[in-house]
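S.K.: Sequence:
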Amino acid sequence: MQAMSNLLKTDLKLKIVDGAADFAVKEGDLEIVSEEDNLAQAIIHRLMTEEGELAELGHPDYGSSLRDLIGRVNNEETRIKARALVLECLSNESRIKDVLNVNVKQNDSDPHRIDIEIAVVPVGKRAPISIFYSLPLEVA
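FYI, the numbering used here numbers position 132 of the sequence shown as 138, with every residue one higher than the one before it.
Treat the hints as calculated values from the structure; they're not laboratory data.
Small disclaimer: the values here were computed from a predicted structure and weren't measured.
Treat the hints with care, as some may be off.
Stated by the list, open to error - Derived DSSO-like pairs: lysine-lysine, alpha-carbon spacing no greater than 30 Å straight-line:
(1) K21 x K87
(2) K87 x K32
(3) K32 x K15
(4) K32 x K111
(5) K87 x K111
(6) K103 x K131
(7) K131 x K21
(8) K32 x K131
(9) K103 x K15
(10) K111 x K131
(11) K131 x K15
(12) K87 x K103
(13) K32 x K21
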């Protein structure tokens, strides 16, 4: 049985900027991220990864289909579809006990971008964590 102290696991910390991820480095060393922070990072990574992209590595269901929305008009129909895709993606994350909320809205300053706010309760925890992810619908 896995110890409760590391139920949400540890991984290398990523810095995510404009949809691209790179390893976070501090004073010449790779940084790590654990527990709730690791789960939050893992959720963002799932949302960024195209579903099926890791099939050859044995993870055919890893990722989301959010990229399918790129090129669509930022309207209520697109935001409802985005919410459904996020919920589907989250259902594949075994470290989530409950999904409390998924809110998708138009970005305040960019009408061609949607902002996704997620609140989940991790397995083995009582307090929810919040995750924010922004997706451009227009190709730059």
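S.K.: With reference to the structure, classify each hint as holding or not holding.
M.R.: Hints, one by one, checked against the model:
1. With a C-alpha separation of about 27 Å, the suggested pair K21 and K87 falls inside the 30 Å cut-off, and the hint holds.
2. About 38 Å separates the Cα atoms of K87 and K32, which puts this hinted pair outside 30 Å; it is violated.
3. Between the alpha carbons of K32 and K15 the distance comes to roughly 20 Å, so the proposed pair stays at or under 30 Å and holds.
4. The straight-line distance between the Cα atoms of K32 and K111 is roughly 34 Å, outside the 30 Å bound, and the hint therefore fails.
5. As the CA atoms of K87 and K111 are separated by approximately 12 Å, the hinted pair is consistent with the 30 Å bound.
6. Restraint check for K103 and K131: the C-alpha separation of about 8 Å stays at or below 30 Å, so the hint holds.
7. A C-alpha spacing of about 25 Å is found between K131 and K21, which places the hinted pair at or below 30 Å, so the restraint holds.
8. Straight-line distance between C-alpha atoms of K32 and K131 comes to about 29 Å, which keeps the hinted pair within the 30 Å bound.
9. Straight-line distance between C-alpha atoms of K103 and K15 comes to about 15 Å, which keeps the hinted pair within the 30 Å bound.
10. For the hint linking K111 to K131, the alpha-carbon distance of about 28 Å falls within 30 Å, and the restraint holds.
11. Distance restraint check for K131 and K15: the Cα-Cα separation of roughly 13 Å lies within the 30 Å cut-off, and the hinted pair is therefore satisfied.
12. Taking the CA atoms of K87 and K103, the gap is about 23 Å. The hint holds against a cut of 30 Å.
13. Annotation: proposed proximity of K32 to K21 holds, straight-line Cα distance about 11 Å (limit 30 Å).
The earlier numbered hints that this structure contradicts are 2 and 4.
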